[in-house]
Amino acid sequence: MEREKIVQTAGRDVLGSFAPDFARYNDDVLFGEVWNDMTLDLKTKSIIVISVFMGRGLCDDSLKYHLLTAKKNGITKDEISAIVTHAAFYAGWPMAWAVFNMAKEIWNDDTPACDDKERFQKEVFLPIGEKNPYGKYFTGQSYLAQVSLEQVPAFNVTFEPGCRNFWHIHHAKSGGGQMLICIGGRGWYQEEGKEAVELTPGKVVNIPVGVKHWHGAASDSWMSHLAFEIPGEDGTTEWCESVSDKLYGELK
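For the sequence shown, my numbering begins at 34 and goes up steadily by one.
No lab work stands behind these hints, which were simulated from the structure alone. A quick note: this is a predicted structure, and the numbers were derived from the prediction, not measured. C-beta atoms are modelled at their ideal positions from N, C-alpha and C, and glycine is treated no differently.
So the derived label-pair ranges between C-beta atoms look like this:
(1) Ala115 - Pro241: 36 to 46 Å
(2) Phe199 - Ile139: 37 to 47 Å
(3) Ala43 - Ser114: 20 to 30 Å
(4) Tyr58 - Thr269: 47 to 57 Å
(5) Leu91 - Gln174: 36 to 46 Å
(6) Tyr167 - Met71: 27 to 37 Å
(7) Gln184 - Glu271: 20 to 30 Å
(8) Gln174 - Ile202: 20 to 30 Å
(9) Thr233 - Thr269: 28 to 38 Å
(10) Gly282 - Arg89: 42 to 52 Å
(11) Cys273 - Val62: 51 to 61 Å
Dumping the calculated DSS-like pairs for lysine-lysine here, alpha-carbon to alpha-carbon at most 27 Å:
(12) Lys38 - Lys155
(13) Lys97 - Lys38
(14) Lys169 - Lys150
Turn these sequences into a full structure, and let the hints guide you.
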């Protein structure tokens, strides 16, 4: 599903009649536009805001709100601990103690954290989708989300750490092939007889017809890529053997 749009009403709720312009800037511009702009993902924005608050010595209910938001945006207990510890050397030790006291209440053991899939979903701008119906051709768990069937069919394919598809070949009498664009995480693409190519966000791979290849996530990272099916005549996919643990284990 698409990321839920952030809607804020605190400005109008608290200051609407007293400072209507400020309330509008707070609700419609800061949250309505800046926080909804996905040039930076929500997790990164939360890290920035927490760091700025610490650097300015602000430790009030506003910071608590942003800590709660940070957890919602996928920051784990270990990550908030590392963020505050790192910022402590720049913002000051007493400030770090104050933030840790807030963070302990929010990241307590009784509060269920996001699972890995939910956390990774916050890092990519397209839906992860459901379990891949072509899972029998994959080692490990993958997910599939239809992006478009118009003009050029496009799908978002997401791989859990260690997941990769089998060796396969795209066939077509004319045209055909596939293009991949990595949109999150880290992974691998490899053609038979060639070195593996690392996939990181923005990396584009063009796969010609008739080339035996595989692609998937790194062993320590989720990975999502857009898969564009290039129009062709009588296009088919030939699935071959799985990628061996030995070959995959040699990739770093």
